[in-house]
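Q: Those sequence lines, one after another, are chains X and U.
Each number in my numbering comes from the position in the first sequence (counting from 1) with 19 added on.
Each number in my numbering comes from the position in the second sequence (counting from 1) with 14 added on.
A few of these clues could be false.
With a straight-line Cα cutoff of 20 Å, these simulated EDC-like cross-link-like pairs (lysine to aspartate or glutamate) come out [claimed, not checked]:
id: 1; chain 1: U; residue 1: 121; chain 2: U; residue 2: 239
id: 2; chain 1: U; residue 1: 514; chain 2: X; residue 2: 157
id: 3; chain 1: U; residue 1: 336; chain 2: U; residue 2: 272
id: 4; chain 1: U; residue 1: 397; chain 2: X; residue 2: 99
id: 5; chain 1: U; residue 1: 193; chain 2: X; residue 2: 156
id: 6; chain 1: X; residue 1: 100; chain 2: U; residue 2: 195
id: 7; chain 1: U; residue 1: 135; chain 2: U; residue 2: 65
Just a sample of chain X residues kept apart from chain U, beta carbon distances all over 10 Å, derived [unchecked claim]:
id: 8; residue: 103
id: 9; residue: 110
id: 10; residue: 116
id: 11; residue: 129
id: 12; residue: 130
id: 13; residue: 136
id: 14; residue: 146
id: 15; residue: 147
id: 16; residue: 162
id: 17; residue: 166
id: 18; residue: 168
Calculated directly from the structure, the hints in this document are not laboratory data.
For clarity, every value in this text was computed on a predicted model and none was experimentally measured.
Just so it is clear, CB atoms sit at the ideal spot from N, CA and C, and this is done for glycine as well.
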Amino acid sequence: MKRIIALGIAACCVAAFAATADAARSNTGCGIGTIIFEGKDGLLSQICAATFNGSFGNQTFGITSGTLECEKAPTFVSQEKLNHFVGDNMDNLAMDMSKGSGEYLTTLAVLLDVPVEERPALYAKLQANFSNIYSSEDVTHIDVLNNIEMVLSAG
Amino acid sequence: MVLLIRALPLLFLLFLLSALPAAAEPPPEASPDNPYLAELLENARRAELHDAPYWHTLLHYKRGLFGLRSLVDDPDFFLAPDGKHDPRAELEATLRAFFLPPPEEGKHPLCRFVARYHWLKERLSIDESRLPVPGCEPFERLMEEIRPESVTLVFPTSHMNSPASMYGHTLLAVETSYKSDLLSYAVNYSAITNETFGPFYIVKGLFGMYEGYFSILPYYAKLQEYGDVNDRDIWEYPLDLSGAEIRRLMMHIYELEDIYSDYYFFNENCSYDLLFLLDAARPGLDLTDRTGWWVIPIDTIREIERAGLFRSAAYRPSKSTKIKYLASLLSREDRREARAIAGGGRNPEEVRDSAIPDEEKITILDLAGEILQYRYMGKEIPKEIYQKRFLNTLRVRSVFGDAEAEERYAIPAPPRPDDGHRSNRLALGGGAVEERTFWEVRLRPAYHDLLDNEDGYKKGSQIIFGEAVVRYDPAGEKARLHALDLIDIVSIAPRDEFFKHTSWKIRTGFFRRTMENGRDYVVYDLNPGFGRAYDGGFPGIVYGMIETDLHVGGALERSWSAGAGASIGFVGSLTGRWKAHLYGRDIVYGLGDEDNRFEAGLGQNLVLGANSGLAGEVTVIGERDETRVEWSVLLKQFF
Chain X
20 MKRIIALGIA ACCVAAFAAT ADAARSNTGC GIGTIIFEGK DGLLSQICAA
70 TFNGSFGNQT FGITSGTLEC EKAPTFVSQE KLNHFVGDNM DNLAMDMSKG
120 SGEYLTTLAV LLDVPVEERP ALYAKLQANF SNIYSSEDVT HIDVLNNIEM
170 VLSAG
Chain U
15 MVLLIRALPL LFLLFLLSAL PAAAEPPPEA SPDNPYLAEL LENARRAELH
65 DAPYWHTLLH YKRGLFGLRS LVDDPDFFLA PDGKHDPRAE LEATLRAFFL
115 PPPEEGKHPL CRFVARYHWL KERLSIDESR LPVPGCEPFE RLMEEIRPES
165 VTLVFPTSHM NSPASMYGHT LLAVETSYKS DLLSYAVNYS AITNETFGPF
215 YIVKGLFGMY EGYFSILPYY AKLQEYGDVN DRDIWEYPLD LSGAEIRRLM
265 MHIYELEDIY SDYYFFNENC SYDLLFLLDA ARPGLDLTDR TGWWVIPIDT
315 IREIERAGLF RSAAYRPSKS TKIKYLASLL SREDRREARA IAGGGRNPEE
365 VRDSAIPDEE KITILDLAGE ILQYRYMGKE IPKEIYQKRF LNTLRVRSVF
415 GDAEAEERYA IPAPPRPDDG HRSNRLALGG GAVEERTFWE VRLRPAYHDL
465 LDNEDGYKKG SQIIFGEAVV RYDPAGEKAR LHALDLIDIV SIAPRDEFFK
515 HTSWKIRTGF FRRTMENGRD YVVYDLNPGF GRAYDGGFPG IVYGMIETDL
565 HVGGALERSW SAGAGASIGF VGSLTGRWKA HLYGRDIVYG LGDEDNRFEA
615 GLGQNLVLGA NSGLAGEVTV IGERDETRVE WSVLLKQFF
C-alpha cells in the first residue's frame, strides 16, 4: 500500500513539473474554462484531461499541484486516478471521512483497491485519524494522500 | 480604397503563396483502380447501403424542408464535398478514404470514423488485411483505458434561477470497471459559449448561432456542478444496453470528437443530440425521429423509457436538498446551533461538550458542515474562513464515530419526474365575464403552471411558453384570440433560516384589454417582478412581490402605459389532489395612459389523473373605476 501511494505521488510530482514546463503547448489546462468550454482536444486527450486534470478547482482546499500531463505509464493509471480524485474532491471526501461513510469514501476505497470486507475497518480508521489526515487548513491533496498512507501503514 | 489598391499586389502574392503548397503537393488519393476498392464500391451500390437507416443514423441525416441533409454542420465530419446532403457520395468517399495510406500525423479516416468503418466492414464483409491500415488502434486503446461496462441516463432537474436550465438537462454517464459511480465518465452535449446570460444569448441560441460539441468529464465534476453548486437534484436511469451496444455508442462518441453541430435551444439541443448516441448504440431505435420541433429533456427521457431502455430510477439529492432534510431532523434549537457553527458564532467544541444526546450532536455537526460547504460554493464566505471552520467542524465530528449516520440520512425520493404530467396541454371550458358567457380553448406547448399537478415538478415553479387562449362568444358568434402568453415564468422559492432565496416572475405576451369605450383590444404586456416567499408550516407558500408592468398598443391613448405595484398570494395544496392559488395585485400606471388596475383571484385545480385536471377560476378586476367579475371552468388534458 505504502509503495503504491508513494509511486502515485511521485508520478504526480514529475508530471506536474512536466506540465508546468509544458504549459504553453497544452490545451488541457487545469480549470473549468478550457475543458468544458473548448472541447478542442482529441477525445483521448480529452478523456485524460477529464480524468487527470483538476477539473473543478473551486471545491478544493487550495490545491496547487493538481495538473498532470496525460502521457503516463499505464501501470500508474489507478494511482493517477487516485491523485486526481482526491485532488478534485477534497471537501466531499473530508466530509465523508469525518462521518466514516459515504460515496466519496467508498470511491477512495475502490481506488485504494481495498476489498469490500475490509472497508468498514478502513473507514473507521480514517475517521479516527481525521485530524491527522486533514492536518491543517492549508493541506494539499498530496499531503492528504501522504497522511492516509502513513495512517494505513501504521498498522 | 487607395489602401486597398496598394494592398492588392500583396494580397495577390499572399494568395499565390497560400495556393502554392496545395498545388505542389496534392492530397493523397486512394488509387481509383484498386480492384478491391472497386469491388466494395460495387457491392455497396448493389446493396444500396447509402439508403440503409443506420447509415443515416451515423451521419445524422434527417429529412427537412429542403430535402435530406445531415444535422451535423462541421465540414470535417464529411469526406465527400457534398456529404452533408448526399448519403451516397459520402458513403463512397468514406470507402475510398479507407484505402488511403496511413497519414504521417493525425488519424486515418478509418479511425476518425470508426463507427462507420465497423458498420461497413460488417455489411460488406471487408477483409481488413487488404486495407492499408489494420483497424483503429487508438480507439481500442481508449476502450482499454475506459473499459465501459454500463451506461446511465442522467437528468439534472431544473434550476429555476437560471433560465437556460429551466427544462433540465440530460447527459450520459459511462460506468467503468471501477465499481464507483463517481468515477464514471459524463458524456455531455452542449453549446460552446462565453456569452453570459442576456438577450444575445437567447437570440443566438434560438437561431443556431452557437456550435454544440460533445465533451467528456469525470462524473463527479458534473455532480459538483449540478448538485453541489446549482441546487439541482439529479435522477439517474440505468440503461439496458448490451456490451456490443455500448461499444457502438463509444465508437460514435469517438467519431463526434471535435465535431460541431449548430445548436438550437428548441430542437437541436443538449437532449436531442444525445439521442444520436443511443440510436447509434442500438440500430433501429430511431429516437431522433420521435421528437417534434420542440425538444424538452423530460420528453426525451419518456421516449427512451418507452423504447424499453430503462425501468428503474435512482435519486441523487442536491446539497440544498440535503441541508433541508438534515434540518428537518432537528429541533429549532439544534438548527440554530448548526447555523451558529457555520456562522462562526459558536465553536463546534461547545456542541461536543453540551448535554444533548450524541445523535443530535452528530446531525448538528453534519448539517453545519453542509451549510459551510454550500455557502462557500455560493461565494458567501471567503476561503480562509471557510477552510478553518469547515475543518474544525469535521474534526469534532470525526470523534463521534457513528457509521450509520449516512443511512439515517437516506433522503426519501420524491415522485419521479418522468412520471409527472406531460409537457403539452389542451384545456377546454367556458365561463363568463359579468353576464356574458364564453367558451374557451387553451393550447400550451410547454410546460407547467402553479396549479398543475406538482408530482415530478419543482414546487412553486411555473414555466409557460406560448400559451394561446381563444374565446368564442356565443352571443356575437365570433372566436377571438384572447391572450397569447409568450413567456410566463414564476419562481416562488420560500426563504427559511438557511436559504435566502429571491422569488421572481416574468411575463410577456399579448392580452385583450377592455378600453374606455367598453371594447377590448390586444395589447402587448411586459410584467416582471421580484419578492419573497415563506413556507408558513401551513400546507402552502405565501409570497409578496414588487412588480412593474408595461402595456403597448395602438388602442391605448398614448400607445403605451407603464406602472408599478405589488402582489401578494398564497399557493397551497390542501389535499394531494387539490391545489389553490389565491392572490391580489394592484398596479398604478403613472406613465403613458394613467390608470389603476386591481386584480384579485382564486384559482383551483382538482387533479383527476396523472395527465388531467379540472380547473376553476374566479377573478375580480377593477380598472377605470369599474369592477367586473370573471369566472371560468376548464378541463385540462396533458399530452
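Q: Now, for every hint given, state plainly whether the structure supports it.
A: Each hint, compared with the structure:
no.: 1; hint: 121(U) x 239(U); verdict: violated (33 Å)
no.: 2; hint: 514(U) x 157(X); verdict: violated (30 Å)
no.: 3; hint: 336(U) x 272(U); verdict: violated (37 Å)
no.: 4; hint: 397(U) x 99(X); verdict: violated (27 Å)
no.: 5; hint: 193(U) x 156(X); verdict: violated (31 Å)
no.: 6; hint: 100(X) x 195(U); verdict: holds (14 Å)
no.: 7; hint: 135(U) x 65(U); verdict: holds (16 Å)
no.: 8; hint: 103; verdict: violated (8 Å)
no.: 9; hint: 110; verdict: violated (6 Å)
no.: 10; hint: 116; verdict: violated (7 Å)
no.: 11; hint: 129; verdict: violated (5 Å)
no.: 12; hint: 130; verdict: violated (7 Å)
no.: 13; hint: 136; verdict: holds (14 Å)
no.: 14; hint: 146; verdict: violated (5 Å)
no.: 15; hint: 147; verdict: violated (7 Å)
no.: 16; hint: 162; verdict: holds (13 Å)
no.: 17; hint: 166; verdict: holds (13 Å)
no.: 18; hint: 168; verdict: holds (18 Å)
Violated hints, listed in ascending order, are 1, 2, 3, 4, 5, 8, 9, 10, 11, 12, 14 and 15; each of the other numbered hints is respected by the structure.
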